[in-house]
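Chemist: Chains A and B, in that order, are what the protein sequence lines are.
Using full-length UniProt numbering, read the first sequence as starting at 1 and increasing by one per residue.
Using full-length UniProt numbering, read the second sequence as starting at 1 and increasing by one per residue.
These are calculated hints, taken from the structure and not from any lab test.
Computed from a prediction, not measured in an experiment: that's the story for all the values here.
The beta carbon of each residue, even a glycine, is placed where N, CA and C say it ideally should be.
It cannot be assumed that every hint is accurate.
Unchecked claim - Which stretches of chain B does chain A cover? Using the computed rule of at least three CB atoms under 8 Å from a CB of chain A, they are: (1) 88-96; (2) 99-112; (3) 124-135; (4) 197-203.
Unchecked claim - Below, computed lysine to any residue pairings styled on SDA-like, alpha-carbon distance capped at 20 Å: (5) B/K225 - B/P35; (6) A/K236 - B/G125; (7) B/K180 - B/A135; (8) B/K12 - A/K236; (9) A/K12 - A/I189; (10) B/K104 - A/G153; (11) A/K236 - B/A135; (12) B/K12 - A/G58; (13) B/K104 - A/K181; (14) A/K181 - A/K236; (15) B/K110 - B/A135; (16) B/K63 - A/S151; (17) B/K106 - A/S142; (18) B/K106 - A/P57; (19) B/K106 - B/A119; (20) B/K104 - A/T155; (21) B/K12 - B/L50; (22) A/K59 - B/K225.
Residues per chain are reported as follows:
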Amino acid sequence: MNYNWDWNIFFKSTGIGSEIYLDWFVSGLGWTIAVALVAWIAALAIGSVLGVMRTLPGKVLPAIATAYVELFRNVPLLVQLFLWYFVVPDYLPEATQVWFKQDLNPATSAYISVVVCLALFTAARVCEQVRTGIQALPRGQSAAALAVGFSIGQTYRHVLLPQAFRIIIPPLTSEFLNIFKNSSVASLIGLMELLAQTKQTAEFSANIFEAFTLATVIYFVLNMSLMALMNLVEKKVRIPGMMGGAK
Amino acid sequence: MIRFNNVHKWFKDLHVLNGIDLQVAQGEVVVVCGPSGSGKSTMIRTVNQLESINEGEIWVDGKNVADPKTDLNALRAEVGFVFQHFNLYPHLSVLDNITLSPIKVKGMDKAAADKQAVALLERVGLAHKKDAFPAQLSGGQQQRVAIARGLAMEPRVMLFDEPTSALDPEMIGEVLKVMKDLAESGMTMMVVTHEMGFAREVADRVVFIDHGKIVEQAPPEEFFKNPQHERAQQFLRQLLTPMS
């Protein structure tokens, strides 16, 4: 293969204003983080509520949560994104529709669509992890909590969830990383996040390999740092005396 | 203090409780024994409705526990329960295990709850372990903390569901001693156990249950010397000379 690598490309002018290509990557990374973090916080909140619902006594609440999980887990992410971006807005009330389609900056409406999409998609996966975390606890834990007079809410809040969340830190970490990787679908509805900026760089400069190499490195370093962060969290909340815990 | 009126419970086709009638007076210590599968654990768990019942009534401190109008959380706060497997909260220190419910259920302030917890830990001989976590304690120590946790709610009754069955033999004594002290302090207690030494020494009455029915109840000296029911005689023989 005959290819002339040119790593200086990132410091060259894009020809648009005074920007160099590196600026595009920085801005793309900013959008990627903005999408993934906001969607993650929402997914964690919604998924936790759904996960708790699936473990509650009774029929109705668990059924609702189960239906949610099946729906969001069995439709491809990209299809969901197109639905949220192209279809759902048409069913909004007239005024909201005008606001979403005309008043909003196109980047903002794409941003809202992708955050909603990723949050709801990931919530289904978080739900399953929270559910398994709760179900992994010995049954005696809820019995002990109920026996001292705790309500169901207090039992979850003080006894079950603090233990369940500790157990599921590793799978939650991988969901946390997934949401950063999945955020790249936003490039398909025109949000200029990291992948979109990479493609644009490749097209403008014709330095395809350099552009995608840098994108790969950025995603990799980003995810490795998140993983390191989550490892710290896991160590911090370890229970003394338990397996792998501090003595 | 506790009264069972013709209580029935089924697990699908299995008739686990078959017309239980029993009364436990205030300050009384009742030991419940019987072969495994006889329904004794289920029976004690119905008192605070960790198990529901299908028929009959259970009155605890003047309240019918099976009545949907009864505030179960309030009732359970007055009934201490000690489990076979301790069920301490593993993510909390010994002190926090004991103070959690007084603070959250009774609204006690933290300082008062801590003070009470330390006093209770002294009573069960574990004050020096207040900052340890459950996984750092032996089984016997965990069970003593679990008893302190139950007492922290200042219950009117304490229920024990095979409190020493999951313990190594050399740890059984320390738990039974705490229970004996508790009995001597006048606590109303219902104890499911196979510890016949405890029954003989501490119980006011021994209740023998088989196939979900109470087949015999008597003061311990009578029960051990002269059991009336054939099943009880057989049970005691097995217990005293297991190899024969």
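Chemist: Which hints, by number, does the structure contradict?
Modeler: 4, 6, 7, 8, 9, 13, 14, 15, 18, 22
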